[in-house]
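A.B. asks: Based on the provided sequences and hints, a complete structural model is requested.
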Amino acid sequence: MALSALSPTFSTNPSASSTSLSKTRRITQKNPKFSVFTTPKFTPISALSDPYVLQIAETLEDSLPSTSSTPLQKLRISSSDTLLSTPWPSRKDEPFRFTDTSFIKNSRIEPIQPPKIPSLSSLDVSVDTLLPTLSIVDGYVIDSLSQLNEFPSGVYVGSLLRVDSEAIMKRVSEYEFSFKGDLFWLLNGVGTPDVVLVYVPEGCKVENPLLLRYISAEGSDKESKALPFSNPRVLVLVEKGGEISIVEEYVGGDTDKCYWTNSVMEVVVGEGAKVSHSYIQNQSFNAAHIKWTWVQQGSLGTMVKVIIVRPGGHGFKQGNSLLQKCNVRLSLLHSQVDYFQESTSKYEHIEVSTGGKLSRHNIHIQQVGPDTVTELSTFHMCISDQTQDLHSKLVLDHPRGVSQQIHKCIVAHSSGQAVFDGNVQVNRYAQQTDAGQLTRSLLLEPRATVNVKPNLQIIADDVKCSHGAAISDLEEDQLFYFRARGVDAETARKALIFSFAAEVVDRFPNASIRKKVETHIRELLDPSPPSR
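All residue numbers for the sequence shown refer to full-length UniProt numbering, where the first residue is 1 and numbers rise by one.
Everything labelled a hint here was simulated from the structure, so no lab data went into it. Predicted model only: the values in this text are computed from it and were never measured. By construction, the Cβ of each residue, glycine as well, lies at the ideal position given by its N, Cα and C atoms. Incorrect hints may have been included.
Here are the simulated EDC-like pairs of lysine to aspartate or glutamate, each with C-alpha atoms no more than 16 Å apart in a straight line [said to hold, decoys possible]:
#1 K180 with E266
#2 K357 with D100
#3 K393 with D182
#4 K74 with E150
#5 K170 with E239
#6 K494 with D526
#7 K346 with D256
#8 K357 with D221
#9 K357 with D256
#10 K257 with D385
#11 K346 with E375
#12 K274 with E239
#13 K205 with E150
Per label pair, the in silico range of CB-to-CB distance [to be verified]:
#14 E150 with L496: 43 to 49 Å
#15 I471 with K170: 48 to 54 Å
#16 A511 with E150: 21 to 27 Å
#17 D221 with D143: 28 to 34 Å
#18 R97 with L130: 40 to 46 Å
#19 D221 with T67: 28 to 34 Å
#20 S224 with G203: 49 to 55 Å
#21 P152 with A484: 52 to 58 Å
#22 L496 with S153: 48 to 54 Å
#23 S472 with N106: 31 to 37 Å
#24 F498 with S173: 29 to 35 Å
#25 S144 with D461: 22 to 28 Å
#26 P152 with S178: 25 to 31 Å
#27 D461 with G436: 16 to 22 Å
C.D. replies: Pasting the structure below:
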């Protein structure tokens with residue numbers, strides 16, 4: 001397909017051929033003259049799609065080998081079907097109103113092939129031997145660089161393509177890749193070469209945190225306009241009563257290289273299960289980092305329809321619920337659904353993001369059971385010409401749910417920009433919900449920018465909900481307090497800035513990870529950092 005001079009070019013494999021994206025699809029049109037439905041001629045998919053998106057998708061398909069994995073095949077097919085009608089986002093789209101993705105679109109996209117790396121020393125990344133580690137290099141699981149200790153019986157951590165347990169494969173096959181995010185979610189589904197599977201069976205508690213280390217080995221020089229493209233994907237299934245702590249760390253050996261990491265993690269937290277999720281993003285300052293995290297709490301069931309009959313009405317109202325293993329009573333007198341399931345699942349997310357020229361994290365969490373607890377703590381920092389973007393959505397559908405979110409960001413560069421769009425949705429049957437959201441931002445340079453959009457949507461009438469936002473510079477009174485006690489201005493300034501970040505950093509449950517992040521932030525706050 002020929003592209004215009006303004007469009008990027010792609011690296012393709014001429015010997016490979018695209019299949020699913022080159023087919024045609026029959027559509028139904030309405031005849032305006034007779035007001036009846038007719039079946040017209042076949043319409044080429046190219047006429048229904050964004051040509052740029054279609055080109056990327058075909059390039060990804062050409063770069064991937066065929067797979068015999070049924071779940072992976074299902075993922076690729078469902079993603080490609082939806083991708084056909086999804087355009088590239090622009091600033092005119094509300095979710096991307098403050099996020100400019102032209103950096104990616106104006107680059108030459110090059111899907112990364114399986115890496116050939118002899119050792120971690122060649123990547124210039126440190127080795128953390130304190131935690132069991134799975135290394136994912138440019139989207140591919142590299143066993144030789146991993147250090148997985150023995151896990152409890154039934155636990156699996158590794159490539160989906162290498163699962164040899166029929167029971168685990170059956171469980172994964174039952175999982176539906178049903179959630180459809182934005183364009184980048186779909187591109188990951190089409191282009192991921194593998195899925196990292198973390199499976200915790202019922203009642204199993206994994207004592208040591210699991211470190212998933214994402215390493216970007218391929219990178220290009222800024223002048224080349226090339227953008228190596230990887231699509232790592234992780235599926236976490238924690239059955240009823242299971243517990244695990246997961247640390248995601250994104251690193252790149254060279255802080256000046258250009259690449260694009262497009263990552264997805266899906267987390268399913270069963271009844272009474274607990275998941276602690278730490279996320280550290282420290283990629284190149286010339287890289288694009290886009291990540292999706294989708295979490296379902298409370299049940300491992302599948303989606304079913306519940307029909308509620310309203311007295312005095314002539315129709316039905318349909319709603320989606322996850323009711324596996326629940327006893328449900330439909331009260332026609334009060335038009336309500338009573339759940340007798342005790343979920344008490346907990347998901348905890350702690351995040352520090354400091355790298356990337358363009359960094360965007362989309363978090364979507366659904367509480368699908370009562371008595372569910374969700375805690376989100378995030379910290380972003382811009383020290384150069386960067387965009388740090390967090391879009392979060394929490395959906396509460398059941399009684400007595402708890403969600404607490406704190407987001408903090410520091411913009412320490414005149415061209416830096418931070419974006420926060422946080423949505424908490426408390427639906428009708430989420431009575432006695434306790435939901436809180438707070439975002440605080442520090443602007444340390446003239447022309448530094450932050451755009452915040454806290455959003456609390458409440459339909460239930462028996463709730464305790466709050467949200468707030470604050471944007472400021474350092475307070476002169478606080479600086480004066482330090483100076484009055486003999487502390488020089490620069491030391492006082494760094495201490496106040498770090499204490500602002502420490503509220504989130506201190507929540508990392510693992511001491512070695514916490515210390516590592518603290519050291520990294522202090523280095524970034526040094527008054528004479530290396531040029532970027």
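A.B. asks: Each hint should be assessed against the structure and marked as holding or not.
C.D. replies: Hint by hint, here is what the structure shows:
1. K180 with E266: 12 Å, holds
2. K357 with D100: 11 Å, holds
3. K393 with D182: Within the cut-off at roughly 13 Å; holds.
4. K74 with E150: Given pair K74, E150 is violated - Cα atoms ~31 Å apart, limit 16 Å.
5. K170 with E239: Status holds; Cα separation ~14 Å.
6. K494 with D526: 8 Å, holds
7. K346 with D256: 38 Å, violated
8. K357 with D221: Cα-Cα ~14 Å, so holds.
9. K357 with D256: Answer holds: K357 to D256 is near 10 Å, not above 16 Å.
10. K257 with D385: Roughly 15 Å between the alpha carbons, so the hint for K257 and D385 holds.
11. K346 with E375: 8 Å, holds
12. K274 with E239: 10 Å, holds
13. K205 with E150: Cα-Cα ~13 Å, so holds.
14. E150 with L496: 43 to 49 Å: Between E150 and L496, where Cβ atoms are some 45 Å apart, the hint holds.
15. I471 with K170: 48 to 54 Å: Since I471 and K170 have Cβ atoms about 51 Å apart, the given range 48 to 54 Å holds.
16. A511 with E150: 21 to 27 Å: For A511 and E150 the Cβ distance comes to about 22 Å; the hint holds.
17. D221 with D143: 28 to 34 Å: 31 Å, holds
18. R97 with L130: 40 to 46 Å: 42 Å, holds
19. D221 with T67: 28 to 34 Å: With Cβ atoms ~33 Å apart, the hint holds.
20. S224 with G203: 49 to 55 Å: Given a distance of about 52 Å, which is inside 49 to 55 Å, the answer is holds.
21. P152 with A484: 52 to 58 Å: 55 Å, holds
22. L496 with S153: 48 to 54 Å: Once the Cβ atoms are compared, 49 Å apart, the range 48 to 54 Å for S153 and L496 holds.
23. S472 with N106: 31 to 37 Å: Check passed, 35 Å falls within 31 to 37 Å.
24. F498 with S173: 29 to 35 Å: 48 Å, violated
25. S144 with D461: 22 to 28 Å: 57 Å, violated
26. P152 with S178: 25 to 31 Å: 29 Å, holds
27. D461 with G436: 16 to 22 Å: Given range 16 to 22 Å: holds, Cβ gap about 18 Å.
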